[in-house]
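*Asks:* Here are the chains, one letter per residue:
There are 2 protein chains.
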Amino acid sequence: MGKTLGGFAMFSGLRQAELAGLAEIAVRRNFVKGESILVEGDRALGFYLVERGRVKIYKLSPDGKEHILHIIEPGFNFAEACIFFEHDTCPASAEAIENSSLIFFPKDRFLSALEKSASLAMRMLGSMADWVRLMAEQIAGLSLSTVEGRLVSYLVVLARKGEVPFADGVTITLDVEKGVLAARLGTIPETLSRTLKKLQEKGVLRVDRSNLTVLDSEGLLEMLR
Amino acid sequence: MGKTLGGFAMFSGLRQAELAGLAEIAVRRNFVKGESILVEGDRALGFYLVERGRVKIYKLSPDGKEHILHIIEPGFNFAEACIFFEHDTCPASAEAIENSSLIFFPKDRFLSALEKSASLAMRMLGSMADWVRLMAEQIAGLSLSTVEGRLVSYLVVLARKGEVPFADGVTITLDVEKGVLAARLGTIPETLSRTLKKLQEKGVLRVDRSNLTVLDSEGLLEMLR
Numbered sequence: 000m001g002k003t004l005g006g007f008a009m010f011s012g013l014r015q016a017e018l019a020g021l022a023e024i025a026v027r028r029n030f031v032k033g034e035s036i037l038v039e040g041d042r043a044l045g046f047y048l049v050e051r052g053r054v055k056i057y058k059l060s061p062d063g064k065e066h067i068l069h070i071i072e073p074g075f076n077f078a079e080a081c082i083f084f085e086h087d088t089c090p091a092s093a094e095a096i097e098n099s100s101l102i103f104f105p106k107d108r109f110l111s112a113l114e115k116s117a118s119l120a121m122r123m124l125g126s127m128a129d130w131v132r133l134m135a136e137q138i139a140g141l142s143l144s145t146v147e148g149r150l151v152s153y154l155v156v157l158a159r160k161g162e163v164p165f166a167d168g169v170t171i172t173l174d175v176e177k178g179v180l181a182a183r184l185g186t187i188p189e190t191l192s193r194t195l196k197k198l199q200e201k202g203v204l205r206v207d208r209s210n211l212t213v214l215d216s217e218g219l220l221e222m223l224r
Numbered sequence: 000m001g002k003t004l005g006g007f008a009m010f011s012g013l014r015q016a017e018l019a020g021l022a023e024i025a026v027r028r029n030f031v032k033g034e035s036i037l038v039e040g041d042r043a044l045g046f047y048l049v050e051r052g053r054v055k056i057y058k059l060s061p062d063g064k065e066h067i068l069h070i071i072e073p074g075f076n077f078a079e080a081c082i083f084f085e086h087d088t089c090p091a092s093a094e095a096i097e098n099s100s101l102i103f104f105p106k107d108r109f110l111s112a113l114e115k116s117a118s119l120a121m122r123m124l125g126s127m128a129d130w131v132r133l134m135a136e137q138i139a140g141l142s143l144s145t146v147e148g149r150l151v152s153y154l155v156v157l158a159r160k161g162e163v164p165f166a167d168g169v170t171i172t173l174d175v176e177k178g179v180l181a182a183r184l185g186t187i188p189e190t191l192s193r194t195l196k197k198l199q200e201k202g203v204l205r206v207d208r209s210n211l212t213v214l215d216s217e218g219l220l221e222m223l224r
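Just so you know, the protein sequences line up as chains A and B, in that order. To convert, note that position 223 of the first sequence is 222 in numbering that gives the first Met the number 0; the numbers rise steadily by one, no gaps. To convert, note that position 135 of the second sequence is 134 in numbering that gives the first Met the number 0; the numbers rise steadily by one, no gaps.
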């Protein structure tokens with residue numbers, strides 16, 4: 000297990016003894032597709048690494064609408080913020096969207112390990128900072144009122160992440176499925192499909208499955224106004 | 000300075016020697032009302048505590064619309080996540096909304112202090128976790144599409160924070176000015192005023208400056224649907 004853990008970004012660069020200590024407290028847990036892992040409002044008992052599979056982190060708005068905060072891919076972690084909350088409750092829910100193998104770290108034992116290792120604490124801080132950045136981007140995007148605008152904003156951020164310019168002829172590959180993208184844009188898959196179709200008909204975007212080619216970057220950026 | 004620092008939540012419970020070490024690297028900086036402190040996309044050189052005054056943390060959406068993430072009151076800190084980002088850039092901007100006295104911690108010297116003190120790292124993790132929670136709440140609220148719905152969602156969260164039920168006759172006092180609230184709901188002050196007026200005319204909410212009294216909780220909660 001120690002060797003496995005060393006391969007996770009969160010634990011990279013830790014000393015063998017630290018990894019061995021973490022391996023001792025880690026518990027492997029399997030979840031089938033669709034199985035609930037955490038429920039918003041529950042007490043957080045620890046946090047997870049995704050070894051295999053994929054996990055959806057989501058929040059229900061008061062009207063019961065699901066809003067996806069993030070999809071966790073193998074190699075990444077989630078719920079690490081929850082173990083630091085005063086009242087210990089999870090601010091979001093987690094569900095396996097594929098059969099998944101997770102590695103669980105119980106809160107109290109992990110906190111003890113953290114207090115002994117500054118390098119582990121620094122990794123943890125880096126990971127939490129990534130969540131802050133991700134959420135700040137989402138908030139900026141969501142404050143746009145049209146689905147078109149939110150979609151364009153999402154594509155602009157995605158292009159920046161891939162370090163390609165948002166310019167005519169550039170193809171941007173969606174990093175999530177359309178259902179997930181819809182939820183992240185605060186809408187439903189049908190509306191997203193309609194929006195993509197409309198943009199294609201307008202001749203500003205070419206849609207080929209997950210590959211979106213910018214045909215008229217000016218026209219798209221206007222939708223942000 | 001050491002004594003001053005011990006009064007901040009982020010540094011409470013630290014040993015005298017740790018506080019003295021922090022005091023050595025801390026720099027007091029004054030900003031006048033309206034002055035910019037950080038600009039989104041800039042390199043983050045450190046983070047801040049607010050000693051006096053108030054600071055607005057905001058993000059511009061691609062269309063240039065301001066979205067307020069948070070208002071930092073005296074005793075609290077901001078931009079601590081930025082110092083852990085790989086590329087060091089700030090994901091949001093900060094501006095003094097009153098004449099403010101801030102305490103600045105330069106990134107490199109603070110990171111060295113952090114590597115030496117597990118208790119400081121734990122405080123920092125707690126602080127960052129609070130940001131994660133706050134943003135998760137905002138994302139859930141923003142995924143609602145009407146300003147009415149977002150306002151009701153905000154009031155429900157505010158009632159929960161004040162540990163009062165969201166029920167008829169309960170008065171909820173806004174924790175921010177209306178201009179700030181408007182931005183946080185992803186709208187402009189005029190639309191917020193119009194929304195409040197409309198709710199008052201419908202007889203579901205009584206508005207007395209910052210005090211909002213729930214008159215028809217059922218009617219308000221319907222707006223979330």
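Do not take every clue at face value.
Copies of the same chain are indistinguishable here, so a pair counts whether it falls within one copy or spans any two.
Claimed, not checked - Think about it this way: if two alpha-carbon atoms lie no more than 27 Å apart in a straight line, the pair counts; the simulated DSS-like pairs of lysine-lysine are:
no., residue 1, residue 2
1, 160, 106
2, 58, 106
3, 64, 201
4, 64, 197
5, 58, 160
6, 160, 197
7, 58, 201
8, 177, 201
No lab work stands behind these hints, which were simulated from the structure alone.
*Asks:* None of the hints should be skipped; say for each whether it holds.
*Replies:* Status of the hints after comparison with the structure:
{"no.": "1", "hint": "160 <-> 106", "in the structure": "between (33 Å within a copy, 24 Å between copies)"}
{"no.": "2", "hint": "58 <-> 106", "in the structure": "within (22 Å within a copy, 33 Å between copies)"}
{"no.": "3", "hint": "64 <-> 201", "in the structure": "between (30 Å within a copy, 25 Å between copies)"}
{"no.": "4", "hint": "64 <-> 197", "in the structure": "both (24 Å within a copy, 25 Å between copies)"}
{"no.": "5", "hint": "58 <-> 160", "in the structure": "both (24 Å within a copy, 18 Å between copies)"}
{"no.": "6", "hint": "160 <-> 197", "in the structure": "within (26 Å within a copy, 42 Å between copies)"}
{"no.": "7", "hint": "58 <-> 201", "in the structure": "neither (34 Å within a copy, 30 Å between copies)"}
{"no.": "8", "hint": "177 <-> 201", "in the structure": "within (20 Å within a copy, 39 Å between copies)"}
When each numbered hint is compared with the structure, a violation occurs for hint 7 only.
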